[in-house]
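We have chain A; now place chain B with the ligands onto it with these hints.
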Amino acid sequence: MLLEVKDLHVAYGSYEVLRGVNLEIDYGEIVSIIGSNGAGKSTLFRTISGFIKPKSGSIRFDGEEIAGKSPEEIVTIGITHCPEGRFLFPDLSVYKNLLLGYFTNRRDKDGFKKRLEYVFEIFPVLRERINQRAGTMSGGEQQMLAIARALMPKPKLLLLDEPSFGLSPKLSWSVFEVLKEIKNDTAVLVSEQNASLSLKVSDRAYVIELGEIRLSGKADEVMANPEVKKAYLGI
Amino acid sequence: MMIEINYFINVLIGGLVVGFIYALTALGITIIYGILQIPDFSHGNRYMLGAYAGFLAASIAGNMLEISYIAAILAAVAVSALVGVLSYLLVYRRLLDAPHITSFIAAIGLLMLLEGFALAVFGPRYQHIHTPFDYMVLVGALRISAQRLVILLSSIATIAFLFYFLKRTITGIALEAVAQSPIGARLVGINTDKITLIAFAIAGALAGFAAALIAPITLVYPIMGAELNLKAFVICVVGGLGNIPGAIAGGLVLGIVESIYGGYFDIRWKNLVAFGILVAILILKPEGLFGKKERRA
Ligand SMILES: Nc1ncnc2c1ncn2[C@@H]1O[C@H](COP(=O)(O)OP(=O)(O)OP(=O)(O)O)[C@@H](O)[C@H]1O
Ligand SMILES: [Mg+2]
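Protein sequence lines, in the order shown, are assigned to chains A and B. Take the first sequence: its position 229, counted from the start at 1, is 229 in this note's numbering, and no numbers get skipped. Take the second sequence: its position 277, counted from the start at 1, is 277 in this note's numbering, and no numbers get skipped.
Next comes chain A alone, as it looks inside the complex (with noise of 0.2 Å):
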């Protein structure tokens, strides 16, 4: 397994948001964790990559326990999080964006050219867009930009935070369809409130409801069950 979650525990002061929340990714896996607003996603996503310290329960990525560690750590380990809100550096240029997603392995330039062509390629609208300051592109360009700044130091796992929050069903799309390619070297945990896109490209799902995961399976038969397409595919 690449990252096993068990028995997570995670409160905001006294509020206790993940209530012992058990979750498996494997290596070359996509898995989409649906929950509505307040389920717990984005604080799910916020303890893996560091931002919060969990009350108890454990982390093990490629075999290794990680709760607590702070977020550079986790970066240089191989996981990064692209957040709701993207947090790009607006002012500096997508270059320089993509540049500082490689800040951890930054004395290695070769390996930085190599990437830099690899998100390119995922993502070409940026190789044209090299020299704008980041905050004067459209939405889902910043959306690709935070993506591409996040695979730069090819992560093995990335956790992408609603990416289709703000973009056109295409757009969203298209984003999604990407995961598919990248996926055999960078594992893919991806929430989203209205699942029916990220569930397509899914392998596995899991529903997560007030802090608890409630169902989990492969992605079609999560697809499949009435109370999902009710309650979160608008069927």
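Derived from the structure by calculation, the hints contain no laboratory data. These numbers come from a predicted model, not from an experiment. There's no promise every hint is true.
Said to hold, decoys possible - Here are the simulated SDA-like pairs of lysine to any residue, each with C-alpha atoms no more than 20 Å apart in a straight line:
| hint | chain 1 | residue 1 | chain 2 | residue 2 |
| --- | --- | --- | --- | --- |
| 1 | B | LYS167 | B | ASN191 |
| 2 | B | LYS194 | A | THR76 |
| 3 | A | LYS113 | B | LYS194 |
| 4 | A | LYS109 | B | ASP193 |
| 5 | A | LYS156 | A | LEU116 |
| 6 | B | LYS167 | A | THR76 |
| 7 | A | LYS53 | B | LEU113 |
| 8 | B | LYS167 | A | ILE130 |
| 9 | B | LYS194 | A | PHE51 |
| 10 | A | LYS113 | B | ASN191 |
| 11 | B | LYS194 | A | ARG107 |
| 12 | A | LYS154 | B | ILE170 |
Here is chain B with the ligands on its own, set in the frame of chain A:
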């Protein structure tokens, strides 16, 4: 006519000299503000302590002016950088999660503390740092003090170097990244604490360098930091707090306005006019000359 032009050019050069000292100091304030959003009111006293460190180093280094002045510059830069680093480690870092007003009050406290320290140790007397550039040079038909030329050239070189650092080196780019989005910086694996430390060291070093450059002209005394601090702050606000070109432009504008006014009119009105113009700019353009709307996450 010739004499008038020469006088004007000398006034202008005087303004540029003071303006660059303002700019170097204001740069430190604006860099720290960019990273932490703290108006670091204790910055002027890094400048003052750097000047005293330079004075001490020069006294110890002996009578060879070339050597003692270089010792003064190195000591001023090192001590000011150290004071910057320590004020982050001992004060601001502990207040990162506190309301901003706490850091603000702490900054004023630190200002008083350092000034009190200088007064207790060195007394209120004026001290002198001697320079080997204590002569006039002829540039065309102009007679200019060599120290002033040294200040101009080394300030320009320092600012050029700072820009190179911020725009071209990965550490400098990371510093700008932290200023624009601290969370984004942590997402890509930047240690924001280390970058903040570097920012304080740079801010301090710039202030110390400015102090060692100007001390042979303006002398060294305990409240020199507080005096400069006020101006540097006004400059930063006018240039847009956190805005690096704004701090440089603001410093030069204030220096030149002061100098021209003092050179042609009653020097007692110098501050009134200079600050009057600055306040007027703020009223007309509240976000500062180069200010942008806040956008930071
Ligand atoms: N910084 C915080 N402090 C306190 N409570 C928080 C904080 N962040 C989130 N919460 C609360 O934790 C719960 C889970 O939030 P979280 O953002 O993880 O949900 P989510 O599944 O990502 O929702 P969404 O689909 O809206 O993004 C919510 O009730 C939210 O109000
Ligand atoms: Mg969320």
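Comparing the hints with the structure gives:
Taking the CA atoms of LYS167/B and ASN191/B, the gap is near 19 Å; set against the 20 Å cutoff, the hint holds. A C-alpha spacing of about 16 Å is found between LYS194/B and THR76/A, which places the hinted pair at or below 20 Å, so the restraint holds. For the proposed pair LYS113/A and LYS194/B, the alpha carbon gap of about 26 Å is over 20 Å, so the pair is violated. Under the criterion of a C-alpha separation no larger than 20 Å, the hint pairing LYS109/A with ASP193/B is inconsistent with the structure, at around 25 Å.
Only pairs whose Cα atoms come within 20 Å are accepted, and LYS156/A paired with LEU116/A is accepted, the gap being roughly 17 Å. Under the criterion of a C-alpha separation no larger than 20 Å, the hint pairing LYS167/B with THR76/A is inconsistent with the structure, at around 24 Å. At roughly 37 Å between alpha-carbon atoms, LYS53/A and LEU113/B are farther apart than 20 Å, so this suggested pair is violated. Distance check on the hinted pair: LYS167/B and ILE130/A sit about 16 Å apart at the alpha-carbon level, within 20 Å; holds.
With a CA separation close to 17 Å, the supplied pair LYS194/B and PHE51/A stays within the 20 Å bound. A hinted pair counts as satisfied when its Cα atoms are at most 20 Å apart, and LYS113/A with ASN191/B does not qualify at roughly 23 Å. For the given pair, LYS194/B sits about 18 Å from ARG107/A by alpha-carbon distance, which is consistent with the 20 Å threshold. Distance hint between LYS154/A and ILE170/B is fulfilled; the C-alpha atoms sit about 19 Å from each other, no more than 20 Å.
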